[in-house]
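Novice: First to last, the sequence lines map onto chains A and B.
Taking the numbering used here, the leading residue of the first sequence gets 451, the next gets one more, and so forth.
Taking the numbering used here, the leading residue of the second sequence gets 451, the next gets one more, and so forth.
Fair warning: there could be bad hints in the mix.
Note that identical chains are pooled: a pair holds if it fits in a single copy or bridges any two copies.
[As the list claims (entries may be wrong)] Each computed BS3-like pair below joins lysine-lysine, with the alpha-carbon atoms no more than 25 angstroms apart:
| hint | residue 1 | residue 2 |
| --- | --- | --- |
| 1 | Lys725 | Lys866 |
| 2 | Lys865 | Lys630 |
| 3 | Lys866 | Lys924 |
| 4 | Lys866 | Lys938 |
| 5 | Lys603 | Lys580 |
| 6 | Lys829 | Lys630 |
| 7 | Lys784 | Lys461 |
| 8 | Lys630 | Lys461 |
| 9 | Lys679 | Lys866 |
| 10 | Lys936 | Lys869 |
| 11 | Lys461 | Lys520 |
| 12 | Lys852 | Lys679 |
| 13 | Lys859 | Lys740 |
| 14 | Lys693 | Lys681 |
| 15 | Lys865 | Lys936 |
| 16 | Lys463 | Lys630 |
| 17 | Lys603 | Lys582 |
| 18 | Lys834 | Lys936 |
| 19 | Lys869 | Lys938 |
| 20 | Lys630 | Lys869 |
| 21 | Lys461 | Lys573 |
| 22 | Lys572 | Lys681 |
| 23 | Lys924 | Lys938 |
| 24 | Lys679 | Lys865 |
| 25 | Lys705 | Lys745 |
| 26 | Lys463 | Lys919 |
| 27 | Lys725 | Lys694 |
| 28 | Lys589 | Lys603 |
| 29 | Lys865 | Lys834 |
| 30 | Lys859 | Lys679 |
Derived by calculation from the structure, the hints in this document are not laboratory data.
Protein chains: 2
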Amino acid sequence: MNIEDLTAFAKAKGFFWPAAEIYGGAAGLYDYGHLGTLLKRHFEDAWLAYFVEGNRDYYLIEGSNMLPEKPLVASGHAAKFNDILVGCSKCHTFYRADVMLADMRIDVAEGASAEEIDEIIKKNNVLCPKDKGELMQAKEFNMMIDVSLGPEKGEHGYLRPETAQTTYLNFFREFNILRKSLPMGLALIGRAYRNEISPRQGLYRMRELNQAELQIFFNPEKFEVDMAKYKDVEMTVVPYKTKKQVKITAAQLAKEYEIPEFYAYHMALIDLFYKDVLGVPEERLRFLEKGGSDKAFYNKVHMDIEVNVESWGGFKEVGGLHYRGDYDLTSHTKGSNQDMSVNIDGKRIMPNVLELSFGIDRNVWMLIDLFYTVDGERKILKLKPWLSPFVVSLFPLQNDDKINEETEKVYESLKKRFKIFVDDSGSIGRRYARADEIGTPFCITVDFDTVNKESKDHGTVTIRERDGKTQERKKIGDLAAFLESKTKFQ
Amino acid sequence: MNIEDLTAFAKAKGFFWPAAEIYGGAAGLYDYGHLGTLLKRHFEDAWLAYFVEGNRDYYLIEGSNMLPEKPLVASGHAAKFNDILVGCSKCHTFYRADVMLADMRIDVAEGASAEEIDEIIKKNNVLCPKDKGELMQAKEFNMMIDVSLGPEKGEHGYLRPETAQTTYLNFFREFNILRKSLPMGLALIGRAYRNEISPRQGLYRMRELNQAELQIFFNPEKFEVDMAKYKDVEMTVVPYKTKKQVKITAAQLAKEYEIPEFYAYHMALIDLFYKDVLGVPEERLRFLEKGGSDKAFYNKVHMDIEVNVESWGGFKEVGGLHYRGDYDLTSHTKGSNQDMSVNIDGKRIMPNVLELSFGIDRNVWMLIDLFYTVDGERKILKLKPWLSPFVVSLFPLQNDDKINEETEKVYESLKKRFKIFVDDSGSIGRRYARADEIGTPFCITVDFDTVNKESKDHGTVTIRERDGKTQERKKIGDLAAFLESKTKFQ
Numbered sequence: 451m452n453i454e455d456l457t458a459f460a461k462a463k464g465f466f467w468p469a470a471e472i473y474g475g476a477a478g479l480y481d482y483g484h485l486g487t488l489l490k491r492h493f494e495d496a497w498l499a500y501f502v503e504g505n506r507d508y509y510l511i512e513g514s515n516m517l518p519e520k521p522l523v524a525s526g527h528a529a530k531f532n533d534i535l536v537g538c539s540k541c542h543t544f545y546r547a548d549v550m551l552a553d554m555r556i557d558v559a560e561g562a563s564a565e566e567i568d569e570i571i572k573k574n575n576v577l578c579p580k581d582k583g584e585l586m587q588a589k590e591f592n593m594m595i596d597v598s599l600g601p602e603k604g605e606h607g608y609l610r611p612e613t614a615q616t617t618y619l620n621f622f623r624e625f626n627i628l629r630k631s632l633p634m635g636l637a638l639i640g641r642a643y644r645n646e647i648s649p650r651q652g653l654y655r656m657r658e659l660n661q662a663e664l665q666i667f668f669n670p671e672k673f674e675v676d677m678a679k680y681k682d683v684e685m686t687v688v689p690y691k692t693k694k695q696v697k698i699t700a701a702q703l704a705k706e707y708e709i710p711e712f713y714a715y716h717m718a719l720i721d722l723f724y725k726d727v728l729g730v731p732e733e734r735l736r737f738l739e740k741g742g743s744d745k746a747f748y749n750k751v752h753m754d755i756e757v758n759v760e761s762w763g764g765f766k767e768v769g770g771l772h773y774r775g776d777y778d779l780t781s782h783t784k785g786s787n788q789d790m791s792v793n794i795d796g797k798r799i800m801p802n803v804l805e806l807s808f809g810i811d812r813n814v815w816m817l818i819d820l821f822y823t824v825d826g827e828r829k830i831l832k833l834k835p836w837l838s839p840f841v842v843s844l845f846p847l848q849n850d851d852k853i854n855e856e857t858e859k860v861y862e863s864l865k866k867r868f869k870i871f872v873d874d875s876g877s878i879g880r881r882y883a884r885a886d887e888i889g890t891p892f893c894i895t896v897d898f899d900t901v902n903k904e905s906k907d908h909g910t911v912t913i914r915e916r917d918g919k920t921q922e923r924k925k926i927g928d929l930a931a932f933l934e935s936k937t938k939f940q
Numbered sequence: 451m452n453i454e455d456l457t458a459f460a461k462a463k464g465f466f467w468p469a470a471e472i473y474g475g476a477a478g479l480y481d482y483g484h485l486g487t488l489l490k491r492h493f494e495d496a497w498l499a500y501f502v503e504g505n506r507d508y509y510l511i512e513g514s515n516m517l518p519e520k521p522l523v524a525s526g527h528a529a530k531f532n533d534i535l536v537g538c539s540k541c542h543t544f545y546r547a548d549v550m551l552a553d554m555r556i557d558v559a560e561g562a563s564a565e566e567i568d569e570i571i572k573k574n575n576v577l578c579p580k581d582k583g584e585l586m587q588a589k590e591f592n593m594m595i596d597v598s599l600g601p602e603k604g605e606h607g608y609l610r611p612e613t614a615q616t617t618y619l620n621f622f623r624e625f626n627i628l629r630k631s632l633p634m635g636l637a638l639i640g641r642a643y644r645n646e647i648s649p650r651q652g653l654y655r656m657r658e659l660n661q662a663e664l665q666i667f668f669n670p671e672k673f674e675v676d677m678a679k680y681k682d683v684e685m686t687v688v689p690y691k692t693k694k695q696v697k698i699t700a701a702q703l704a705k706e707y708e709i710p711e712f713y714a715y716h717m718a719l720i721d722l723f724y725k726d727v728l729g730v731p732e733e734r735l736r737f738l739e740k741g742g743s744d745k746a747f748y749n750k751v752h753m754d755i756e757v758n759v760e761s762w763g764g765f766k767e768v769g770g771l772h773y774r775g776d777y778d779l780t781s782h783t784k785g786s787n788q789d790m791s792v793n794i795d796g797k798r799i800m801p802n803v804l805e806l807s808f809g810i811d812r813n814v815w816m817l818i819d820l821f822y823t824v825d826g827e828r829k830i831l832k833l834k835p836w837l838s839p840f841v842v843s844l845f846p847l848q849n850d851d852k853i854n855e856e857t858e859k860v861y862e863s864l865k866k867r868f869k870i871f872v873d874d875s876g877s878i879g880r881r882y883a884r885a886d887e888i889g890t891p892f893c894i895t896v897d898f899d900t901v902n903k904e905s906k907d908h909g910t911v912t913i914r915e916r917d918g919k920t921q922e923r924k925k926i927g928d929l930a931a932f933l934e935s936k937t938k939f940q
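For reference, chain A alone in the conformation it holds in the complex (with noise of 0.2 angstroms):
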């Protein structure tokens, strides 16, 4: 599929479309219909189970997406989240200069400054895409969305730009509540805001995204991992240093390429998510390690999580694993006076941080552009089954009094548990069909023999599963169990 062709199925079925459609939209908000919103929340379910739920030394907080000026002034967004602007003199359209130079195929750094910008600009006679006219000096533009709280002037305040920041303002109150010992994972699923110079891309650019991120504070002189349990998960890498993709395990990275165990090790559990919780075929992913000006200063390792996404012409970064060192509490400890360096066996140390961040939306987005698959006549959206957003379709065959109150009494039995939608419209051809599109793995069908008391199927329904299209009758007291086991990844 290209991004049209997601856009507009995604339209037409109920997962997402651009917020209040019906005014002409806005750029870069996007709303989740009813499908949406469950696959959405799949996948985070999957997520906190898979990387925060039963590790008792990580916990899940939430926080306020307005925060006051102050703390990301400290952190340096402030002065240094920018990207850089370029205007048409003529059309006055603006442009993200990287984005612009990108799309015309001419190298330019991650980090490149306005001057930089000017020179390669002035370099290769660079002309506004839209109407050849004059672009003009080229600027920085902060990415965040003020905000004035209060009354008359107000105060300045921000939309965060990262959930990360509400995890390191709330590190050192949740330290000294909880255990007092490293490491301990703060989680947060929410919201971060981007005054995106040009969104695009679906939900690949957006100005108001959604965020799952854990962050491990860790002492930096003793981080242990259980080393042996992933050290032979074999992962697709592009180490800055080569530049040259390899296949290579946790335990080798960490060997030849100066990685650290603890950063290996974390690799390969994301590695393992992404191929056996999501799915990703092993070909489509891997790390890329970004080093030099195409990475943060304060990261010491710096790898983008890359999903080869057709809509998006290649491999996209839907995720990043980075240790950002002691920056943000030394950053926030500065900036408000509040030391959090922290007493570890009698010793004051500054915690370092490894984040593990996922883009939600990307990350939606990326699982419909795989899993949608035509075969033949056939349209079917093969997710697992963990993250369609429903479990069961479930039909009465006809229209018949008592196969309709049997389909009710399956619904009745089975609707705390799983997610089902009950179809009676159309013929049953139609109505896999109709499942099969939006990725629903079970079909059940009520018919005539599950009601009739003489027939050896009485009290039996047909099950019919997405992919194989096998058929087979179960009795209606082991669908439960039987849905339970195909719906469990763990």
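Keeping the supplied structure of chain A fixed, place chain B upon it in accordance with the hints.
Specialist: Positioned in the frame of chain A, the structure of chain B alone reads:
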């Protein structure tokens, strides 16, 4: 508890505290710590399970917090979502006029205009409560928070003042994707933003709040409810007509007070949610009917759901039930030129809306206020087990290898289905006290008998119930089923 006590408790235990606390906090903005996040999520899960899931006509959606200007002009928010602001001419403190006057026990109608406020101030010789300075002329203050989207001057927009707008904006697409029949419910859990003049009373008046709302779109000529189910539910109601609190059944209310049957039905539904699911004592719950200028002009019937909360000094609004007529869809039809009337049985009708609206933060605060109990030496947060942050506190009796190993096994076997806090520090008495205070309903202790093959209690643990302090030994294999049975509310 008073507001200061509850705030201190919430901070010390890890429920919530002001956002950016290390920078001195921000008025009206709060972060949820690990315990608060769990309590909040459990409230949301219970709300969803009770009101939305399992009703096959109801769907969950999510949407952008930032919206362009147009829909909020059409909805009336840009012109009318105002509070009256008065400032002191001496100290320049600003007040929300109605709240300031109410604090002075001076009567003021809910929709009073700036002119009316000025008159009241003049008549009562009201001066600045802080320094007795003269008050400046009252003026309207729009409570929406502005945002500017895109580079340079950008496009003017707002943070949504209520989650409901996302629902109204998406009604038409969802209706057409889904069943094309009424009633259809759209539910949303999300944030709303209000530039409160003086945020206060903890989580009562916030600048960024969490709402759980269900909008039911229905055919005004035909909205059938299963009244037989709830007709005898007795509620406490203060009707606008009499302003006298009465105990009355849903059936009587419909009959004697001109309340539509579908409305009385949903009151009963809400009443049982508060009593049975949240555990609010009957005498602390009531519906307050709004009328005259206290009622939003587009509401046909408007009741606040009120709970008597000690720290707030009496009955306060924690939610509402609003029969909004067709105001919303008609406004957006005019604003967007997208006719949102629908075809039902060959007739074009504009759906009406019944809105069930809940302030999540207020309910979280209310739960802590109501269920924090001091019983002699004991401090117990007597939350219902399905709301408590943790279901189990798990103790190894002593630091013994075998006991630790067994504790780990118990933890591993339960952690995927239940929130478990492993507590291994201090005496058992201290650990019980710690669990009581954060509301954990069950404590499980692994002791020497658990791991001693010679003991008759081998393979069993002690499980202690919070409120009754009863203890019994249970087989480890039976724990999951026991906990499951205790943490289901339906």
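Novice: Now tell me, hint by hint, if it's right for this structure.
Specialist: Evaluation of the provided hints:
no.: 1; hint: Lys725 / Lys866; result: between (29 angstroms within a copy, 21 angstroms between copies)
no.: 2; hint: Lys865 / Lys630; result: between (42 angstroms within a copy, 22 angstroms between copies)
no.: 3; hint: Lys866 / Lys924; result: within (20 angstroms within a copy, 28 angstroms between copies)
no.: 4; hint: Lys866 / Lys938; result: both (16 angstroms within a copy, 11 angstroms between copies)
no.: 5; hint: Lys603 / Lys580; result: between (39 angstroms within a copy, 20 angstroms between copies)
no.: 6; hint: Lys829 / Lys630; result: between (53 angstroms within a copy, 23 angstroms between copies)
no.: 7; hint: Lys784 / Lys461; result: between (47 angstroms within a copy, 23 angstroms between copies)
no.: 8; hint: Lys630 / Lys461; result: between (48 angstroms within a copy, 16 angstroms between copies)
no.: 9; hint: Lys679 / Lys866; result: between (36 angstroms within a copy, 20 angstroms between copies)
no.: 10; hint: Lys936 / Lys869; result: both (13 angstroms within a copy, 23 angstroms between copies)
no.: 11; hint: Lys461 / Lys520; result: between (40 angstroms within a copy, 22 angstroms between copies)
no.: 12; hint: Lys852 / Lys679; result: between (54 angstroms within a copy, 23 angstroms between copies)
no.: 13; hint: Lys859 / Lys740; result: neither (56 angstroms within a copy, 41 angstroms between copies)
no.: 14; hint: Lys693 / Lys681; result: within (23 angstroms within a copy, 72 angstroms between copies)
no.: 15; hint: Lys865 / Lys936; result: both (16 angstroms within a copy, 20 angstroms between copies)
no.: 16; hint: Lys463 / Lys630; result: between (48 angstroms within a copy, 14 angstroms between copies)
no.: 17; hint: Lys603 / Lys582; result: between (42 angstroms within a copy, 23 angstroms between copies)
no.: 18; hint: Lys834 / Lys936; result: within (10 angstroms within a copy, 31 angstroms between copies)
no.: 19; hint: Lys869 / Lys938; result: both (14 angstroms within a copy, 18 angstroms between copies)
no.: 20; hint: Lys630 / Lys869; result: between (40 angstroms within a copy, 20 angstroms between copies)
no.: 21; hint: Lys461 / Lys573; result: neither (43 angstroms within a copy, 58 angstroms between copies)
no.: 22; hint: Lys572 / Lys681; result: neither (50 angstroms within a copy, 78 angstroms between copies)
no.: 23; hint: Lys924 / Lys938; result: within (20 angstroms within a copy, 27 angstroms between copies)
no.: 24; hint: Lys679 / Lys865; result: between (38 angstroms within a copy, 20 angstroms between copies)
no.: 25; hint: Lys705 / Lys745; result: within (22 angstroms within a copy, 70 angstroms between copies)
no.: 26; hint: Lys463 / Lys919; result: within (22 angstroms within a copy, 53 angstroms between copies)
no.: 27; hint: Lys725 / Lys694; result: within (22 angstroms within a copy, 63 angstroms between copies)
no.: 28; hint: Lys589 / Lys603; result: between (28 angstroms within a copy, 15 angstroms between copies)
no.: 29; hint: Lys865 / Lys834; result: both (20 angstroms within a copy, 23 angstroms between copies)
no.: 30; hint: Lys859 / Lys679; result: between (45 angstroms within a copy, 18 angstroms between copies)
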